[in-house]
Amino acid sequence: MLADIAIELLQLFIVTFGSPLLVGVIRKAKARLQGRRGATIFQPYADIRKLFLKEVVVSENTSWLFRFTPYLLATTMLLSALIVPVLTTRTPLGFMGNIIALMYLFLLGTFFLALAGLDAGSAFGGMGSSREVAIAALAEPTVLIAIFGIALRAETTSLDGIITRFAADPLLMLNAGHLLAFFAFFIVALAENGRLPVDNPATHLELTMIHEAMILEYSGRHLALVEWAAAMKLFVFLTLLSNLFFPWGVALTNAPVVLLAAFLALAVKLLLFAGAIALVETSVAKLRLFRVPELLAGSFTVALLALVTSFFLK
Amino acid sequence: MIIDSTIMLDLLFVTLVCFSAGALGALVTARSPTLARIAGHGGALVGAIAAFAFGVAGIAGWRMELNVPDLLPIGGVALGVDRLSAFFVVVIAVGAIPVALYAIGYTCEYAGKHSLAGMGSAFNVFVAAMILVPLARNVLTFLALWEIMSLASYFLVITEHEREDTLSAGWVYFVMTHAGFAALLLGFLLFAHATGTMSFADWSAAAAKLDPISRNLIFLLLALGFGSKAGVIPLHVWLPRAHPAAPSHVSALMSGVMIKLGVYGLARVAFDWLGVGPVWWGGTMLILGAVSAVLGVLYALVEHDLKRLLAYHSVENIGIILLGLGAAMLFQAHRLESLAALALIAALYHSLNHATFKSLLFMGAGAVVQATHTRNMEEMGGLIKRMPQTAALFLIGSVAIAALPPLNGFISEWLTFQSLLLSFQISAHTVNLIFALGVAALALTSGLAAACFVKAFGITFLALPRSERAEHAREVVKTMRAAMASLALACVILGVAPSLILAPLEATVFDLMGAHADLRFNLNAVVANGGFGWLAPLWLALGLLAFLITIPFALRLLGANKQRRYYETWGCGRALQTTRFEYTATAFANPFKRVFSLLYRPNKELDIEFHPESRYFVRAIAYRNEGRLIFEDALYRPLLRMIESLARKARVLQSGSVHGYLVYILVALVALLILTV
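Taken in sequence, the protein lines are chains A and B.
With my numbering applied, the first sequence has no gaps in its numbers, which climb one by one up to 1459 at the end.
With my numbering applied, the second sequence has no gaps in its numbers, which climb one by one up to 824 at the end.
Rather than coming from a laboratory, the hints here were simulated on the basis of the structure.
Incorrect hints may have been included.
[Unchecked claim] Here are the simulated DSSO-like pairs of lysine-lysine, each with C-alpha atoms no more than 27 angstroms apart in a straight line: (1) B:751 x B:740; (2) B:625 x A:1199; (3) B:532 x B:625; (4) A:1173 x A:1199; (5) A:1431 x A:1173; (6) A:1414 x A:1173; (7) A:1195 x B:709; (8) A:1414 x A:1431; (9) B:740 x A:1431.
[As the list claims (entries may be wrong)] Across the chosen pairs, the derived CB separations fall in these ranges: (10) B:164 x A:1446: 16 to 26 angstroms; (11) A:1427 x B:780: 47 to 57 angstroms; (12) B:714 x A:1181: 27 to 37 angstroms; (13) B:615 x A:1155: 56 to 66 angstroms; (14) A:1428 x B:482: 46 to 56 angstroms.
Don't be surprised by glycine CBs; every beta carbon is placed ideally from N, CA and C.
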């Protein structure tokens, strides 16, 4: 019991406090690739701290929903940290939900954030909300279907179960469906987290913003929560990507040594993905907004192909 | 445990007496609109509560039978109850109880303009007929009740008969419902002819001996009839017209409850009367479900009439129910009974859930319409400050219908997902492909539904009021809010404690299929197929609650700044914020319009009138961006044209001469005599 609580707290701790670091690493890698020195990898912590210490300025037009949303958003991310196998496949609270529940939890956050974007009554917020839900409406199903593609091969939709199965029998992953699912998931992970080529997290030009436009009215601790939640979402997505598709190193027992190894393996995998994202973001330009659906529809089709393959090749 | 009980008969009797009293009471008190609306809907309220008790007892295993041979020709009135019937009685009552309470306050809008006596008594007849339809045990009883239900709802739809669009909506409904009725009649008569009995009880035994051609034909006809009532695409055209035109409490019942009787019929046909069918039955059902779900939500997305938007979502949700129903049929065709039971549980659960949140949302929409006197979302906004409780309740309904945790829509969609995914146990590639498309459709639907309700709630309730009417909106009366609150509570309970309803559902489905569902559940968790899928709704809800409470405390403890200052919305340097800066519903839906332009086929027109002196000054801009409805254009218009030309040809028969008509009668008589001999 006590060990279970300790493991969940450990996962929570890693996601909560590791996520700003992940963002910092991506920024640093990007800066280096672009020939800049860049800020220290700990800069996001400083940013969040600064925002927490500033007062909140709220638009007069907003309702309680606007003030409630940052807390709900952070809640959904923290809850997901309890469900996702970050270090171990024996997450004590993993039974709370499978992959479907996880994706719908993310959708819950997006739903409220998009509503909050409309709440202030500015054109920017509405524009951001509209674009964000348009992207999410295509991206969330893609993630779901891509994971179903590999879930059917593992014959379970539980995240712990999928990883356990693949770790026990890695040859299961050697097929076209897996590759297709990975490809679809990776593209959509970029879209869902507001990264290039779909959205630019560093932009401050209103007309090209998506996520940033939606949260334009937020300030102070609200903004800190929203930014932190975004970082956690990126962290959870990349963790899923690393652990579902590359299950090596994920702890199958909860022995301390194994957990330590799992932590190191996760760190290496995340570092590689951070590098990959930095590489993508320096080498591609942002897509025109109305080209984005083509990209997403493409990855939706790829995910569907992955699902069909795993139905057919069993 | 089956208990034959006179208590059941008593309950049914009480139910009917209450509805009759309501119907008559409304007529007797016609002089006073206030009394008429209290008597009419009060009677319905008590009747619906009695019906709820009846349904719950029926699910618990209590039985009754009622035969009145002389009331109707050929078999008389025959009523009975089994678990499936009882479950649908519960679904109807769950919708009807709050709606009747709501109607007491809501209909005061109509006082002086329309006959509240007529509305009240038609309402009672409508609800009573709906409750009795699943209890019918022979053909004539069923058809008579079905027709009474359709007619009563038709009269309720055309309440505002002074409006041209209401009348035309009513007309479309009238025609579609009777086309469906004709299909049902034909199907039932064929069935009765082939089996030699009009009594439903004997059908399932006799159906096995039918030859495949008449079996398929009967299935098609009955599916057509029930599908048109359910609003399955492409038989949905009446739904987005009739539901918004009706008064909101009637829309709530039609959308939340009445269309479920189509689902009841389909379930009866597929799992009781006709029994296990060929693979294509289930395949067709699943594909129709997938198409209805995706197209229903896509049409809803570009709709800015709040009630029509909700009506299109009914098409979507019927699609989700059909995904479960079709999956159950396919599993059954492949002899995977425990998975079939799981899929059917998902479908029935979603039927109940849809009754709760759709009735809630339509009542919310009715409250908004009453407060703003418009259904156009572009004229709303800012209502969360003017009607805070209605807004909060509508938000709960929106979260539920968008299938987000921890509310009820999520549970039934989760179950549907599980049953669709478990189809990997079937080894037939075509069937697998159909299931894969079903999974994709359901995933896409859920994403789009969430987007649509961001629009529906955001544009209607948030930001600044977009019109004078929204500016002066006021909260609705307490009874209306109480009615909505009770359904919101139901959405929460059905969402966090699914085991409460899964146990009776499992018993219902067991009665129908003789197999236990591949599902284990208790208050802690729901487990499908021995660990294929896990879900712990109560824990999820508690987890959400725990973090929501701790985060603010943790922030305070860590010394986050507590100050809050109110200031105007940042506007990129513009001087004053007006509502014209707000994002509109049209603008919000535009990305979807572009992405799915293949479906909407928008005709965009932009006329700019420049100032005569200089093209740098614009005098007026006219912008039109209307979608076309492909089913109306491609299916119904040609069909109507064909019927019209046939009718024109048939007009030759109508010569106007009495002698000619006498000849017709003679010919018909002789023909009949020859046929019967």
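Hint check:
no., hint, in the structure
1, B:751 x B:740, "holds (11 angstroms)"
2, B:625 x A:1199, "violated (41 angstroms)"
3, B:532 x B:625, "holds (17 angstroms)"
4, A:1173 x A:1199, "holds (26 angstroms)"
5, A:1431 x A:1173, "holds (20 angstroms)"
6, A:1414 x A:1173, "holds (17 angstroms)"
7, A:1195 x B:709, "holds (13 angstroms)"
8, A:1414 x A:1431, "holds (26 angstroms)"
9, B:740 x A:1431, "holds (22 angstroms)"
10, B:164 x A:1446: 16 to 26 angstroms, "violated (59 angstroms)"
11, A:1427 x B:780: 47 to 57 angstroms, "holds (49 angstroms)"
12, B:714 x A:1181: 27 to 37 angstroms, "holds (35 angstroms)"
13, B:615 x A:1155: 56 to 66 angstroms, "holds (57 angstroms)"
14, A:1428 x B:482: 46 to 56 angstroms, "holds (54 angstroms)"
Against the hints set out earlier in the document, violations occur for numbers 2, 10.
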